[in-house]
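Enquirer: Make the full structure from the sequences, and use the hints.
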Amino acid sequence: MNLFTEAIDWIFSAERFQGYNPLGLRLGEHLWFTFLSLLLAAAIAIPLGYLIGHTGKGRNLAVGISGAARALPSFGLIVLLVLIVGVTRAPAAAVISFVLLAIPSILAGAYSGLEAIDRRVIDSARAMGMTEWQILWKVEIPLGLPLLIGGLRSGALQIVATATLAAYIGLGGLGIYIFEGLPLRDYPQMLGSAILIAALALLLDALFAILQQFVVPRGVTAGRVRDDRATSTRRRAVAGTPAE
Amino acid sequence: MIEFRSVSKQFPDGTLAVDDFSLVMPSRKTTVLVGSSGSGKTTILRMINRMVDPTGGAVLIDDEDISGLEPVALRRRIGYVMQNGGLLPHFKVVDNIATVPVLTGVPRGAAREQALTLMDTVGLDRSLADRYPSQLSGGQQQRVGVARGLAANPNILLMDEPFGAVDPIVRAELQQETIRLQRELDKTVVFVTHDIDEAFLLGDQVVILEKGGRIAQVGSPTEILADPASEFVADFIGADRGKRALSIRRTERGAILVDSEGRAAGVLVDGGPTA
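Order-wise, the sequence lines are chains A and B.
Numbering follows the working numbering, with no gaps: position 22 of the first sequence is 50.
Numbering follows the working numbering, with no gaps: position 232 of the second sequence is 241.
Because the hints were derived from the structure by calculation, they are not lab data.
Ideal Cβ positions, reconstructed from N, Cα and C, are used throughout, including at glycine.
Any given hint could be a false lead.
[Stated by the list, open to error] One-sided excerpt, in silico: chain B residues whose CB lies under 8 Å from chain A: (1) Ser-36; (2) Arg-37; (3) Asn-58; (4) Tyr-89; (5) Met-91; (6) Leu-97; (7) His-99; (8) Val-227; (9) Phe-241; (10) Ala-274.
Expert: As structure tokens, then:
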């Protein structure tokens, strides 16, 4: 049997669903870390991104910090944070590092979503007598949503991959199988859990991709391709999907 | 009545867009600001609804200094029509038109009902109400823009090169519609354009601007054509050359008017328009 089939067997063996290390629990931990961190990162990055996108101020600073933050080595960051906040508060350290890693993409999604809107649309909204809040809620947020979801999408992907490292500091998650398999040289187990993590990442990415299509405002997609022909010879272009 | 008293505008980067501009725009008349780019015409227009605040002087609406008014409230009682309509792409036509009434607290149903009536006013078929702006032609979008400008039933309507982006045939159509609307609705219209023909067609009062918002000449189209105040004005309106310098040429079939290039420009008729 080759390594791959062994890994698949490992995933579907009965032990995965019982014993001290059940898959359900580890998956739950993994998702819990992912969504908690994503939520916290969004709570920080979205208002900040909207502030930057709406006022046009602080953009260069944000770009600089985001760029630098993207370059942070995740493993080093986690270990460093555990050392700083203390081993007893390892979950906090892990969540903080995941949040820091996700903030740049979400921040970029938030402000670039607002920046991508035709200035004349915002100008006319203001000239009609919308308050700044109304411009944000009624114009900028709906039109910027596809790019924001794009930012959340890459942020989530970043976290779901990095959450594997939570196991290194004893916090469980799907990475636990890798870190347990490593000293035992149990390659089927390590590969099997890696496949699971990859599958989870792809699934999450697909969900966000669907969501992203869903939030494109109707008027923005409508009319791009007029129904002049009975059947279009071209694929329908969808505006608002960012190039990744 | 809109009054500019020695208004200046210097932008933060130092450019003096408007320098000591004074003018009275009479009520229920159309005032057209015309000039080439850099003449400050749009800046002047946008000072009326405080999209731009002057750095010197005062703007008064019905003798009230608007610098003391709340910009949002002021803008809601002034209609604004811009190039390409500036429509909200994610709002249906009917909701675009109803934007301002909804902002001011008119119930949505009533605002939509009123929007449909406005569609009739500007010559849009009601079947377009549920379309999105991107599904309309340029001319239709512009009509939606005009309807939206009229939705709050403002006394003042600001139009910033509204027909700049549509083709000549649609533009001519929209210009005629504007004249008709102005006859029916009797608004104080301030219209910005770089097209002198459009200015003469629509304006009761035409203001020709030089660089920095300096007034080259103010007057009715007839006054300006008959007596250009300067070389600049004569040049700008093309009075001494081109298609405005018409002369009569007698032919065997009757008299025709030709321009300075000798091209036939029209025929000579008795009487002419009575208005």
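Enquirer: Going by Cβ atoms only, is Tyr-89 (chain B) closer than 8 Å to chain A?
Expert: Interface hint status for Tyr-89 (chain B): holds (4 Å vs cutoff 8 Å).
Enquirer: Would you settle whether the hint for Ala-274 (chain B) is holds or violated, based on the nearest Cβ-Cβ distance to chain A being less than 8 Å?
Expert: 37 Å, violated
Enquirer: Close enough to count: is the Cβ of Arg-37 (chain B) nearer than 8 Å to one in chain A?
Expert: 22 Å, violated
Enquirer: Interface hint check: Met-91 (chain B), Cβ to nearest Cβ on chain A, cutoff 8 Å. Holds or violated?
Expert: Holds - the Cβ of Met-91 (chain B) comes within 8 Å of chain A, reaching about 5 Å at its closest.
Enquirer: Quick check on Leu-97 (chain B) please, does its C-beta sit within 8 Å of some C-beta on chain A?
Expert: Holds. Min distance 6 Å.
Enquirer: Please verify that hint: Asn-58 (chain B), Cβ, nearest Cβ of chain A, below 8 Å or not.
Expert: 6 Å, holds
Enquirer: Please check whether His-99 (chain B) passes as an interface residue: C-beta within 8 Å of a C-beta belonging to chain A.
Expert: 4 Å, holds
Enquirer: Closer than 8 Å between Cβ atoms is the bar; does Val-227 (chain B) clear it against chain A? Give me holds or violated.
Expert: 25 Å, violated
Enquirer: Holds or violated: is the Cβ of Phe-241 (chain B) closer than 8 Å to a Cβ in chain A?
Expert: 31 Å, violated
Enquirer: Using Cβ atoms only, decide whether Ser-36 (chain B) comes closer than 8 Å to chain A, and label the hint accordingly.
Expert: Where the cut-off is 8 Å and the nearest Cβ of chain A is about 21 Å from Ser-36 (chain B), the hint is violated.
The structure does not agree with the numbered hints 1, 2, 8, 9 and 10 stated previously, though it agrees with the rest.
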